[in-house]
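Chemist: Residue numbers (our numbering), protein chains in the order written: chain A, 9 to 854; chain B, -11 to 205.
Hints are computed from structural coordinates only; laboratory data are not their basis.
Be aware that a few hints might be false.
[To be verified] Just so you have them, the derived chain A footprint on chain B, three or more residues with Cβ under 8 Å: (1) 40 to 47; (2) 60 to 66; (3) 69 to 75; (4) 96 to 105.
Treat the numbers as computed from the prediction; the structure is a model and nothing was measured.
Here a beta-carbon is modelled for each residue, glycine too, at the ideal position from N, C-alpha and C.
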Amino acid sequence: MQLRLPSWWVLHALLSHWLRHPVQLGTLILGLLAATALWSGVQALNQQARFSYEQAAARFNNINQPQIVSATAQPISELDYIQLRRSGWNVSPLVEGTLSLGADNATFSIIGIEPMTLPGLGEAAKGASGLPDNLVLHRFLTPPWEVWVSPATFERIKPMLSNTDTSGFPYNPQGKKVRIQVSATLADNELITDIYLAQYWLNMPGQFSRLLLERSEHFERSEHSEHSEHVTLPAEPAKRLRVILPQSDHDISRLTASFHLNLTALSLLAFLVGLLMVYSAIHLALTQRLALRRILFSCGVSQRELLAWLLVELLLLSGLIALPGLLFGYWIATLLLPDLSASLNGLYGAELSDKLHLSWRWYLQGILMAWGGTLLAATVPLLKLIKPDNGYLNPSMSSPSQLIQRNRLMVAGLIGASLALLMAWLGTSLLSGFLLLALIFLSAALLMPVILDALLTLGQRYARAFSPDSATAQWLWADARMQVPHLSVALVALLLALSTSIGVGGMVDGFRNTFTGWLDQRLAAEVYVRVDNETQAQQVMHWLSQYPKVTAILPSAGTEIQLNSMPVELRGIQIHSTYTDHWPLLSKTPQAWQDMASGAAVLINEQLARQLALNIGDTLPLAGLPQTDFTIGAIFSDYGNPKGQVMLSLATLNQYWPDAKRGSFALRVAPPDVEPLIRALTDEFSFTQTQVIDQQGVKRYSLQLFERTFAATSALNLLVLAIAAIALFSSLLTLSTMRLSQIAPIWACGVSRRQLVITELLRLLLLAFITALLAIPLGLIISYCLVAVINVRAFGWALPWQIFPMQWFYLTLAALFSALLAAIVPVLKLQFSSPGELLKGFRDDQ
Amino acid sequence: MLQVTRLAKSHQTPQGPLPLFSDLSFDIKAGESVALMGESGCGKSTLLHILAGLEQADKGQVLINNQDIMQLNDSDRALLRRNYVGVIFQQLNLIPSLTIADNLAFQARLAGTLDTEWLHNLVSTLGLETLLTRYPAQLSGGQQQRVAIGRALAARTPLLFADEPTGSLDEANAEQVMTLMLALVKETKSSLLMVTHSALLAARLERAMTLRQGHLT
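Starting from the given sequences, assemble the full structure and let the hints guide the process.
Modeler: Right under this line is the structure:
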């Protein structure tokens, strides 16, 4: 395609159209702005999450690497460290703790490192280990020492740097102020310093929290599983130390992939709804420029040249609109980040920085999406412009070309629906689940105008049969039919938005119902206590046995193993009516609890059952030893847990996994005694608020986490609905001038403008109502797919499918209200248009 | 049937009001057919629109069936139009969403005066039998104008206003449509006021008026 310089005037002529039709330009801007903003907003969140995961993975204290920890309640001693080093073990010590600083006792994690011994570390490998590139080792290791922080942490500690008390931070043991260095690669709320300084501030002289272990010849393949390995420590340190091998479940980016995929899918839907607006604006703009096309052809502009200039025009406009779209996207991401961060932290323990770090890729991706989306939306109108037919010039569902188009839509829609059925039947992956949803949406969008036309035809017939002499009633139905091709894009947008609301809303409300009931079952005990180590566990156990008001002490212990290369948590519980009466079992053998008590059976969560295709009565080989083959007695629901879990009796756990950590206690106590018990435990053991917690507190936290998890979903959902309403508004506004030639004959025949206004409103409400009615079954299908397909494939557990008729009622009202709002301006325009404007309807068709 | 007294109308322009006519008075008797002629832009169509209650005059009186349409609000003017006035424009007279059959019956249904036998007669006279299930977009210009005449006459309104009803048709079609219209107007005994540029057409009506520089001659 050649563009000659003088033909710039072609672009000028094309662009002048938008100046004469500001409403159309507004529609294009709004649609593209909304599409780009929502897409790039969610992508900003995903990119932020990826950035945080990569940052965490690159850190030297990343737990996804071999390490040695204390097997007792005491920290690791310097002697054990020295002995290991002398025995040829490449270990590097780490001191970790919490510093409470400032008047408000703000807490910061402090990590003391010994950079010379960090695994795989040399001066050159700093970046890869998570240490800042600009860290100078001799300055870091020598007085007055350095403390490295992230920019956000620096802002927080700034007021504390003027502290005059030289006995702690920011003063070293010599009473000199340490140097504060800032690096954007560090996580927030962390202070990184030399191990000596950390030991001083944490009062841990000669002690370490853990030792990072470099992979070496000490690593051996396990006899029991080809996928697992083990490490044998020298005899003497082995009495006090134990090795923790990497656990793949700490691969946060893998665990959270489904979560981000869900967000991406919703943002893609929002993008597509925005594109429907763009399509609508471009389609109308090209239709209205058919006369210009003829003039340009007659002036010697070739078809290819015209097409090229139209593409230039669209890319220019969409590029310009994409820039503010990116700004809005950034703003949306900023709004959603706190909730997303809280839910990712609560669900997966993933830490997200509270400040957005966006790379150039994000900006480029946003602009490319805007261009790609615009070109996609413009493809059909551009093809029609090149080969215009009568149907395009005079769209009406009744003209022969439109009948052909309607049949084509129906065939394409039915093919889409058939493919969706095939996908539902054959698909197994999460991606195929999203493809299934996409196909459902696509076929619904294609079939919707056809179904709408059929329903309106039916309505017209009934109107004719029941009120044969009512001219306005017949006109109302007939005209509604004629509006379908003009409004179908906006109505499809409304249909998609409403059905998504019904689908997602139904899933979230169903989950809320199930989750609340599940919490009641799962959290039957009144108080939960989490201890730090075995010594404390014994002390707590002893203390509780002396406390008369506790009616049952239910200790539990846990450890993690690999099963088919997947991390699985083993949890040992003391069998008690608290569990046998309440535990949320999905299916069980008649003797499940008894078999579990005898050590013959275990209970597994739904996630594990689905991952390994296990059912009750099947055998589960846990440690690869014959005596550790257990029968599956029951499968229990375990919402929100990303890992597989096996529950067995505490005695069985201790028998086969003696190093399992006794970590928590569930306590039964009468409700009035809960508060005094918590107070007494806190006073006795200096527990923090997160270590001893009452049942209500856990439920409150869980429900808060639930609400925050779906906050982003609900916000996106609402935005999609808003975009659909705007799409309807802009379509009506754009059509309002074209409507004059259709309305003028009615007015001339003696229908007052008031009646015309009422009929216009009724017609639109009728279309919105039918759209809302069609959205209900579609929403239910989507809801079913979400709970039975997407959720299972993304998170490994299913939800009972529930329906919420009141939600449909409110959404139908929302649809009618949106239609009413969308109609206000065009209807007021009609009401207050001068007779001269209406008479224009007899002179031309705009 | 129609009495016009001291009717005045001006157009608003950036330079101020531009008078189209300022003191028009005339009347049309029941069953009388009158041609309204004049140069382009002299205000013929505007006058017709005012008489049909589609546009407001600045001052004066227009009596239709002894009701002054100048004193009526939009709803009452609409009611008067549906019962007493049929209007035929040069083009775009039809309701695009309705079939030809529904278009023909539309105003009569609105007024509650649909006479099926008369409608069949009209359809037959206008040669529209094979077109009844079609939509306006599927008809030629001449066919559309025949339907417009049919619709205006189906309601049997005592007054008929036609604004260059054959202006967009070729000579042969124009002649055919005009002949049909005049014959049917005669049959319904309606009064007709027709705006036209054609002296030949005007000669076929009982009387002709010319609007020139704001005055009727």
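Chemist: Given as covered by chain A, does the region 60 to 66 of chain B meet the bar of three residues or more with CB within less than 8 Å?
Modeler: Contact hint for the region 60 to 66 of chain B vs chain A: holds, 4 residues under 8 Å.
Chemist: Would you check chain A against the region 69 to 75 of chain B, counting CB to CB pairs closer than 8 Å, and say if three or more residues qualify?
Modeler: holds (count 5)
Chemist: Given that the region 96 to 105 of chain B was listed as covered by chain A, double-check it with a C-beta distance under 8 Å for 3 or more residues.
Modeler: It holds: at least three residues are needed, and the region 96 to 105 of chain B offers 5 whose Cβ sits within less than 8 Å of chain A.
Chemist: Taking a Cβ-to-Cβ distance below 8 Å as contact, does the region 40 to 47 of chain B have at least three residues touching chain A?
Modeler: Coverage by chain A holds here, the residue count being 4 at a Cβ distance below 8 Å.
Checked against the numbered hints given earlier, the structure satisfies every one of them.
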